[in-house]
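Participant: Below, each chain spelled out in residue letters.
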Amino acid sequence: MTGLFISELERTFKRKKTAAVLAVYAGLLAFIWFFFQRGGISFFDADHDVKIDSLNSAPLLLRDLSFAITFIVIPMFVADSFNGEYTSGALRMVLIRPHHRVKLFFVKWAVQCLLVFIILCITWLVGTCLGRMVMPHVNETTFLGGQTLGTVGALLYSLKFYGICFCIFIAVISIGSILSVLMPNSILSYVATIGALIGSVYVSDKLSFFFSVTDSVFHELSRPNSEFLVNLLFPILLISLIINLFVWKKKEWVG
Amino acid sequence: MKELLVAEWERLWKRKVAWLTFLLVPVVLLAASSYLQKENGALTVDLPQYTFAGNFPVLSLAEMLFTVFNAMFLVFITLVVTGEYRSGQLRMVMIRSYSFKEIILAKAAVILLFNLLFFITYFCMSYVIGFLMFEHPQTYFVFYHSHAFNIKEALVYNLSFYGYAYLTTIAICCVLFFISVISKTTTTAVGIGVAFILISFSYPTLLTGFKQWMSEELFGQLFFTSVPMIQWQGITVMMAEKPQFVGWNFGVLGFYVLFFSGLTYVAIRKKESFL
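The listed protein sequences correspond, in order, to chains A and B. Quick note: the first sequence uses the numbering used here, first residue 1, plus one each step. Quick note: the second sequence uses the numbering used here, first residue 256, plus one each step.
Keep in mind that a hint or two might mislead.
Simulated crosslink set (PhoX-like; lysine-lysine; CA at most 20 Å straight-line) [unchecked claim]:
1) B:K525 / B:K439
2) B:K525 / B:K356
3) B:K271 / A:K17
4) A:K206 / A:K103
5) A:K14 / B:K439
6) A:K251 / A:K103
7) B:K257 / B:K356
8) B:K257 / B:K269
9) A:K206 / B:K293
10) A:K16 / B:K269
11) B:K356 / B:K466
12) B:K269 / B:K356
13) B:K466 / A:K51
14) B:K526 / B:K439
Everything labelled a hint here was simulated from the structure, so no lab data went into it.
Turn these sequences into a full structure, and let the hints steer you where they fit.
Facilitator: Given below as structure tokens:
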């Protein structure tokens with residue numbers, strides 16, 4: 001399993017694209033940060049604006065970057081890993097070894113989650129540390145819904161915020177991987193992933209968290225007892241993983 | 256050159272996606288109509304946003320132009336240019352005595368023709384679905400026009416709206432062609448294409464934050480430097496009773512077309528076409 005994991009990581013980073021996307025993301029981070037410092041104002045959602053201070057800068061930083069993650073980084077990585085490798089033949093060398101198919105899937109899935117996790121960690125660190133150092137210092141800050149939190153509370157809030165966002169991103173990865181396995185080439189799997197994300201808005205208002213990730217997380221955290229995670233996100237995650245396993249096992253792997 | 260065009264055309268239609276796209280037109284229109292019917296519930300009849308059979312073609316196009324249409328071009332241009340080049344399918348064409356420039360030109364012509372066909376299908380289908388799903392009174396109101404339109408005037412209005420929309424898609428196609436030609440893999444091409452469309456959306460929205468510091472004129476001009484924004488609002492503004500930004504918008508579209516086809520020209524001159 002470890003060998004498979006390392007081989008998957010190596011294959012991922014052998015594509016120059018992976019490094020390039022991470023570099024571009026870092027550039028974007030710097031760019032948004034520059035705007036943060038100049039503007040000093042951000043938004044919880046379209047109707048609620050807020051002054052950025054040392055405690056709320058980490059969640060607000062992710063808000064501006066989540067679009068790039070859901071619409072460019074994740075679909076590109078997932079399409080490359082789940083579809084591009086298979087259609088280009090790079091996966092053949094792995095497939096000829098006697099590994100369990102399910103293991104192959106979980107390794108790929110874990111690597112994608114790891115990449116997103118790294119991206120989120122960097123964003124959180126930048127948001128928190130630079131926020132402490134550069135942004136106007138406050139002792140307590142108010143989040144959407146009128147919650148006033150102190151230093152520790154705000155730190156926990158931002159961790160919770162990033163955790164929920166991470167779960168949503170994992171759901172996006174899982175849905176993208178289903179589509180990538182089903183589609184005949186990587187262009188279609190990329191576009192189908194984006195189409196599914198945008199199309200979810202038309203299906204139900206509750207699913208709009210796929211499109212406007214952070215806005216809906218702010219809304220969820222503003223409510224006193226939300227059951228969003230238990231009732232909606234985890235079932236979606238579980239069902240998409242089961243479908244994934246089913247599709248992955250049923251696929252005729254003929255390289 | 257004619258044979259090349261025919262070959263490209265045949266290769267395009269050999270894909271199942273091409274047929275599927277056309278089959279998707281009624282589905283997209285039904286989705287748009289159910290959305291617009293929901294909107295109608297919250298509006299009064301005298302507003303231009305209120306959907307009737309006569310303005311359904313325009314409202315459904317405005318709804319779908321910068322999502323479905325742009326996504327479709329992204330798929331087809333990447334498939335036809337990067338996909339064929341990278342999968343080696345293009346080899347069979349390149350061993351004949353055609354230059355790379357001719358091949359790209361043929362591809363562009365075929366895509367634009369395909370695009371035209373798609374627009375015509377969308378227009379006809381939207382009239383059919385509009386008359387099935389919405390009421391059709393004698394007259395109704397149109398954006399930025401003070402007098403009511405009857406069906407005949409509306410047809411002319413709709414046709415010219417589709418004409419303008421077609422022009423904006425040409426500009427988008429030029430940009431996407433350049434991206435496809437320079438990209439090494441198909442996912443890169445789609446990624447950069449999506450990034451281009453996202454950026455074109457986000458910077459005008461960012462600009463609205465600075466609206467108070469600039470004049471109306473300058474704001475409009477900066478706002479309409481982005482093609483998706485022309486698709487979204489620019490066309491209705493251009494077709495108002497007192498047209499605004501007509502010259503500017505055409506200038507922007509012309510700039511996109513010339514600049515990006517120039518870049519494509521430079522890129523394919525430098526490109527090694529050994530596969």
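Participant: For a C-alpha distance cap of 20 Å, please report whether K525 of chain B and K356 of chain B respect it.
Facilitator: Given that 20 Å is the threshold and the Cα spacing comes to 11 Å, the pair holds.
Participant: Given the hinted pair K525 of chain B and K439 of chain B, is their Cα-Cα distance within 20 Å?
Facilitator: Between K525 of chain B and K439 of chain B the Cα gap is close to 14 Å, so the pair holds against 20 Å.
Participant: Would the pair K257 of chain B and K356 of chain B pass a check requiring their Cα atoms to be no farther apart than 20 Å?
Facilitator: Roughly 14 Å separates the two Cα atoms, so the pair holds.
Participant: Hinted pair, alpha-carbon criterion (20 Å max): K206 of chain A, K293 of chain B. Please report holds or violated.
Facilitator: holds (17 Å)
Participant: Between K257 of chain B and K269 of chain B, is the straight-line Cα distance small enough, at 20 Å or below?
Facilitator: This hinted pair holds, its Cα atoms lying about 18 Å apart.
Participant: Please verify whether K466 of chain B and K51 of chain A have alpha carbons no more than 20 Å apart.
Facilitator: holds (19 Å)
Participant: Holds or violated: are the alpha carbons of K206 of chain A and K103 of chain A at most 20 Å from each other?
Facilitator: At roughly 33 Å apart (the allowed maximum being 20 Å), K103 of chain A and K206 of chain A break the hint.
Participant: Hint check: K356 of chain B vs K466 of chain B, CA-CA at most 20 Å. Holds or violated?
Facilitator: This hinted pair is violated, its Cα atoms lying about 44 Å apart.
Participant: Holds or violated: K526 of chain B and K439 of chain B, Cα atoms, limit 20 Å.
Facilitator: holds (11 Å)
Participant: Can the restraint linking K271 of chain B and K17 of chain A be considered satisfied, given a maximum Cα separation of 20 Å?
Facilitator: violated (29 Å)
Participant: Take a quick look at whether K16 of chain A and K269 of chain B sit within 20 Å of each other, Cα to Cα.
Facilitator: violated (32 Å)
Participant: Given the hint that K251 of chain A pairs with K103 of chain A, test it: the Cα-Cα distance must not exceed 20 Å.
Facilitator: holds (15 Å)
Taken one by one, the earlier hints fail for this structure at numbers 3, 4, 10, 11, 12, listed in ascending order.
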